[in-house]
Amino acid sequence: MRKLVASTVLRRIEGHASEGTGTQAAPETMVVVDEAHMVMPNVGQTQSGDAVTSTAMAKRLLQLHRDKGFPLVIATQRPADLDKNLRGMITGTRLIGKLEGTDKDRKDLIDTVVKNTDHNKSFRDKMKTLQPRQFIHIASGGSDALQVVESGQLKRLHESSAAWVKGFSPQHPLAAHDEERRAKRARAQRYRGLIGPVAQHLSHF
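Going left to right, the sequence shown walks through residues 1 to 205 as this note's numbering numbers them.
In case anyone wonders, no lab produced these hints; they're calculated from the structure. Hints may be right or wrong, so weigh each one.
Calculated lysine to aspartate or glutamate pairs in the DMTMM-like style (CA-CA distance at most 20 Å, straight line) [said to hold, decoys possible]:
1. Lys-128 - Asp-108
2. Lys-84 - Asp-108
3. Lys-3 - Asp-34
4. Lys-59 - Glu-14
5. Lys-126 - Glu-100
6. Lys-84 - Glu-35
7. Lys-59 - Glu-19
8. Lys-98 - Asp-81
9. Lys-128 - Asp-105
10. Lys-98 - Asp-50
11. Lys-128 - Asp-118
12. Lys-3 - Glu-19
13. Lys-121 - Asp-108
14. Lys-184 - Glu-150
15. Lys-107 - Asp-118
16. Lys-84 - Glu-150
17. Lys-68 - Glu-14
18. Lys-128 - Glu-150
19. Lys-3 - Glu-14
20. Lys-84 - Asp-50
21. Lys-104 - Asp-118
22. Lys-121 - Asp-111
23. Lys-68 - Glu-35
24. Lys-3 - Asp-81
25. Lys-84 - Asp-67
26. Lys-68 - Glu-100
27. Lys-59 - Asp-105
Label-pair restraints from in silico Cβ distances [claimed, not checked]:
28. Gln-189 - Met-89: 53 to 59 Å
29. Lys-128 - Met-1: 34 to 40 Å
30. His-16 - Arg-190: 16 to 22 Å
31. His-16 - Lys-184: 35 to 41 Å
32. Pro-132 - Arg-2: 38 to 44 Å
All C-beta atoms in this analysis are idealised placements derived from N, C-alpha and C, irrespective of residue type, glycine included.
Put together the whole structure using the sequences plus the hints.
Written out as structure tokens, the structure is:
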């Protein structure tokens, strides 16, 4: 099902990509494929028709539509399991995060992602010390020079993640959404409190 959904969505996006009016500097649409190795696996593995379609559409987006403002972001914890030809086409910005695994796992990842093999050992050593939300950043068209960047906290649109936002700005969309949810829940509880006694009274008739 995952491969079917991915192939269908990517095929439709690719079909409209030529109509885009964005640019690489100012993209209109960003296409993100998470767990990409599961929908675009390496050719050495069994591939369904949907996986072949997903891989083909991703290649077309990388080859033909970046100048139309359709950047493709491929996220995976196992880049070695990603389609080999697709891996070879990824020459843009790369971010390498913390990997819980063996030295071999880190070596395989670096060998797959880093183009300049002279830097591989320093990258592997740095990966061992990465903290949560830290990434080794390799710039598009750069020299593979090692640089570490840190992302901000993940923001999810639900009640449990909105509390920390309030100290920054009560008008923040997440904080406002949180207040709306709380108010709606309180109204529902009051309504149930009113209906309960009435329903109990009617049950005696």
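Hint check results:
no.: 1; hint: Lys-128 - Asp-108; in the structure: holds, 14 Å
no.: 2; hint: Lys-84 - Asp-108; in the structure: holds, 13 Å
no.: 3; hint: Lys-3 - Asp-34; in the structure: holds, 12 Å
no.: 4; hint: Lys-59 - Glu-14; in the structure: holds, 10 Å
no.: 5; hint: Lys-126 - Glu-100; in the structure: holds, 13 Å
no.: 6; hint: Lys-84 - Glu-35; in the structure: holds, 15 Å
no.: 7; hint: Lys-59 - Glu-19; in the structure: holds, 18 Å
no.: 8; hint: Lys-98 - Asp-81; in the structure: holds, 18 Å
no.: 9; hint: Lys-128 - Asp-105; in the structure: holds, 11 Å
no.: 10; hint: Lys-98 - Asp-50; in the structure: violated, 30 Å
no.: 11; hint: Lys-128 - Asp-118; in the structure: holds, 18 Å
no.: 12; hint: Lys-3 - Glu-19; in the structure: violated, 25 Å
no.: 13; hint: Lys-121 - Asp-108; in the structure: holds, 12 Å
no.: 14; hint: Lys-184 - Glu-150; in the structure: violated, 36 Å
no.: 15; hint: Lys-107 - Asp-118; in the structure: holds, 13 Å
no.: 16; hint: Lys-84 - Glu-150; in the structure: violated, 29 Å
no.: 17; hint: Lys-68 - Glu-14; in the structure: holds, 11 Å
no.: 18; hint: Lys-128 - Glu-150; in the structure: holds, 15 Å
no.: 19; hint: Lys-3 - Glu-14; in the structure: holds, 16 Å
no.: 20; hint: Lys-84 - Asp-50; in the structure: holds, 17 Å
no.: 21; hint: Lys-104 - Asp-118; in the structure: holds, 17 Å
no.: 22; hint: Lys-121 - Asp-111; in the structure: holds, 10 Å
no.: 23; hint: Lys-68 - Glu-35; in the structure: violated, 25 Å
no.: 24; hint: Lys-3 - Asp-81; in the structure: holds, 15 Å
no.: 25; hint: Lys-84 - Asp-67; in the structure: violated, 24 Å
no.: 26; hint: Lys-68 - Glu-100; in the structure: violated, 37 Å
no.: 27; hint: Lys-59 - Asp-105; in the structure: violated, 26 Å
no.: 28; hint: Gln-189 - Met-89: 53 to 59 Å; in the structure: holds, 54 Å
no.: 29; hint: Lys-128 - Met-1: 34 to 40 Å; in the structure: holds, 37 Å
no.: 30; hint: His-16 - Arg-190: 16 to 22 Å; in the structure: violated, 47 Å
no.: 31; hint: His-16 - Lys-184: 35 to 41 Å; in the structure: holds, 37 Å
no.: 32; hint: Pro-132 - Arg-2: 38 to 44 Å; in the structure: violated, 26 Å
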